[in-house]
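Protein chains in written order, with numbering that gives the first Met the number 0: chain A, 0 to 386; chain B, 0 to 386.
Take these hints with a grain of salt, some might be off.
[Stated by the list, open to error] DEER-style ranges, computed between Cβ atoms:
id, chain 1, residue 1, chain 2, residue 2, range
1, A, Gly299, B, Lys38, 42 to 48 Å
2, A, Gln360, B, Lys38, 56 to 62 Å
3, B, Asn166, A, Pro45, 31 to 37 Å
4, B, Arg383, A, Gly69, 14 to 20 Å
5, B, Asp303, A, Asn246, 56 to 62 Å
[Unchecked claim] Okay, the calculated bits of chain B under chain A, using three or more residues with CB under 8 Å as the criterion:
id, region
6, 133–139
7, 298–311
8, 335–344
9, 367–380
In short, the hints are calculated from the structure, not lab data.
Virtual Cβ for every residue (Gly too), placed ideally from N, Cα, C.
Number of protein chains: 2
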Amino acid sequence: MPRLRWHLGCDAPKYLWGFLMAASSDIDFMRLALNLAEKGRGKTSPNPMVGAVVVSGGKIVGRGYHRAAGTDHAELSAIRKAAGRSRGATMYVNLEPCCHTGRTGPCTEAITDAGISRVVVAAKDPNPLVNGKGVRALRKAGIRVELGILRKEARLLNDAYMGYHENKRPFVTLKLAQTLDGRIATLSGESKYISSAQSLTYTHLLRAEADAVIVGLGTVRADNPTLTVRRVRGNSPYRIVVTASANLPPQAAMLKNNPDQRTIIATTESSAASRIKSRPRRNLIYWSLKKASGGLIDLGDLLDKADDFGLHSLLVEGGGRLATSFLKAGLVDKLVIVTAPVIVGRGIDAVGELNIRRLSQALTFQNCRTFASGPDTVFVGYPRKGA
Amino acid sequence: MPRLRWHLGCDAPKYLWGFLMAASSDIDFMRLALNLAEKGRGKTSPNPMVGAVVVSGGKIVGRGYHRAAGTDHAELSAIRKAAGRSRGATMYVNLEPCCHTGRTGPCTEAITDAGISRVVVAAKDPNPLVNGKGVRALRKAGIRVELGILRKEARLLNDAYMGYHENKRPFVTLKLAQTLDGRIATLSGESKYISSAQSLTYTHLLRAEADAVIVGLGTVRADNPTLTVRRVRGNSPYRIVVTASANLPPQAAMLKNNPDQRTIIATTESSAASRIKSRPRRNLIYWSLKKASGGLIDLGDLLDKADDFGLHSLLVEGGGRLATSFLKAGLVDKLVIVTAPVIVGRGIDAVGELNIRRLSQALTFQNCRTFASGPDTVFVGYPRKGA
């Protein structure tokens, strides 16, 4: 909420004036709800990030956000803070309130019971359990509902949650760390660490947001990553290694450090069978997947399996071959490129052959944003479909 | 000057308060001088961009900037605006005032005659005609001189001018327009236009700032560029085509549109001689250069020739082979990469083989900045020397 922040950043008379101006604006309250929601980043899966603000007589009387799955929803939390002051008030919430009983009761009932008279919602919840039913329930109870304020921002905030329910398959984020000239490693295979410490922290945040991280066997061999979340608070995701051979190096860090069975070997049917037969490892999960042409596993089948397993958001961390396969299959929903200010010349490419020969066939992106991460630049974009 | 702008952007009481606060600060006045200097971008070569502010009793009484070579220097212009109010005043100027008579008289004399009592200078002028003599002349006249406020910003503003005088050779800017995955063209050779209209305008600004634009013969064949300045105000630079064979396609746009003899064919000694003998073209300039190993011309010799010709700043616009040669030779002083939010996969690389195998050998950059240009992202950085 840059506008609100700008107001609050000034001196005293300005502060009051700015505060009153902001108080009059639905957009500013919704920005506040979005900022509250953001606090749950990396901790709410499989739930979305939600923030709620209760406003009465132009004053904020309650605010709340969803801290983690299993805890209070944002709406309930904000109503509790408002205590008796929610009667006749307006609630701002970035996602349609739920109308079903999950680990907590339906928010629509809590809103109705609190006597709130108007609810401003940024985006509909595409989850089939809600999907308009929340708005209908509120309206049926005589509450005025306004939908669509800062809708785009709300959809981008919960991109993976929205994508999962709309595409009915796990949401795939492809993350690449590369040089200015588009290499993820030198020709000798050195890639650790092209990007900065700040970008590593950002990567750990992306991991905390994902249900699983996917890498190819080559990346395990070259970098021996643990793929855990260490530099930020959040749960470590499942680790999926894509390999046609199922031959993980026995000294791989993610095998040694796997007491919670969070490493999945995604391999072809025959490899998995022979592997499990010959040398089963009790702390590994094997997925038998269809083989695609070219020897790699069928990525569509991988996503189906991940979905069945309850994984809604996947982070592809490399290497180049896996990244290229996901791009070629049209299965990337979000692209994150961390570019370090270095040049290596000929090296290992971030992206390989996509059979694109004309610029008109190039993969294009929308809702792009770019920001600094220490010395690096981060690009985030969403592939346009049907390009 | 984000600080000053922020002050001025607020409401009326804030404006006054902010203005007075700014008025008390040397840094803010120097920022203003830098912003004034910036107005001359693309029009002052071979002179630097200079802005000057005269402040008396905390109030700005005169401001000026250097509009173009041959016109008034910034200092003189600011003193004229101040009229009688410069006696006892302070002058802020981003570059050391000159003390020699060129197309205009020495600024140090004008400052002394105007009765200015204090001069705040951001950076010394490395031009051997000045290089500390300006500061000494002012001090000798009893004027208090302070040096070094916003020095870094002032040096970056006039990077090419500073670089030319410090390296004693033309300043080389390498500009690449590439995809997210580091390609300047598809495999079929299509590169026009990877980047956006806004970035094309930015490229024309870079051209206006340069004394000459350099391309390889391959780029002439593939893109048939005119390499003129059209989208911004400014002079079109000389166009240098680097070619071992001197065989420019007769239909090349830059041959047809060359009444002012601004196209230079930089080729090897034997090629130039035979070319001029067999089919001289009166509107072309031929440079006979040493041959480097690998068939290309010797780029060091090219820079010497350009220096002799009076070209102080060169813009290398491609293609990849020429870009790689300049990087490999360590002759790039500034790198500009325009990245369009598209991916093409395998294609023509922006940068080729640099014989770098370890990340510790990678080319690194300092004073980097990144900004948006329409949908594209522009990276600007300065190679660290001796890496």
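Outcome of the hint check:
1. Distance hint check: the CB atoms of Gly299 of chain A and Lys38 of chain B are about 57 Å apart, inconsistent with the given range 42 to 48 Å.
2. The supplied range of 56 to 62 Å is broken by Gln360 of chain A and Lys38 of chain B, whose beta-carbon atoms lie about 43 Å from each other.
3. Remark: the range hint 31 to 37 Å for Asn166 of chain B to Pro45 of chain A is contradicted by a beta-carbon distance near 59 Å.
4. Remark: the range hint 14 to 20 Å for Arg383 of chain B to Gly69 of chain A is contradicted by a beta-carbon distance near 51 Å.
5. Between Asp303 of chain B and Asn246 of chain A the beta carbons are some 58 Å apart, a value that agrees with the proposed interval 56 to 62 Å.
6. Here's how the region 133–139 of chain B fares: 0 of its residues keep a CB closer than 8 Å to some CB of chain A, so the rule of at least three is not met and the hint is violated.
7. Figure legend: the region 298–311 of chain B, annotated as covered by chain A; annotation inconsistent (0 residues with Cβ-Cβ distances under 8 Å, at least 3 required).
8. A count of 7 residues in the region 335–344 of chain B with a Cβ less than 8 Å from any Cβ of chain A is obtained; the coverage claim is therefore met, three being the minimum.
9. Coverage of the region 367–380 of chain B by chain A holds in this model, with 7 residues showing a Cβ closer than 8 Å to a Cβ of that chain against a need of three.
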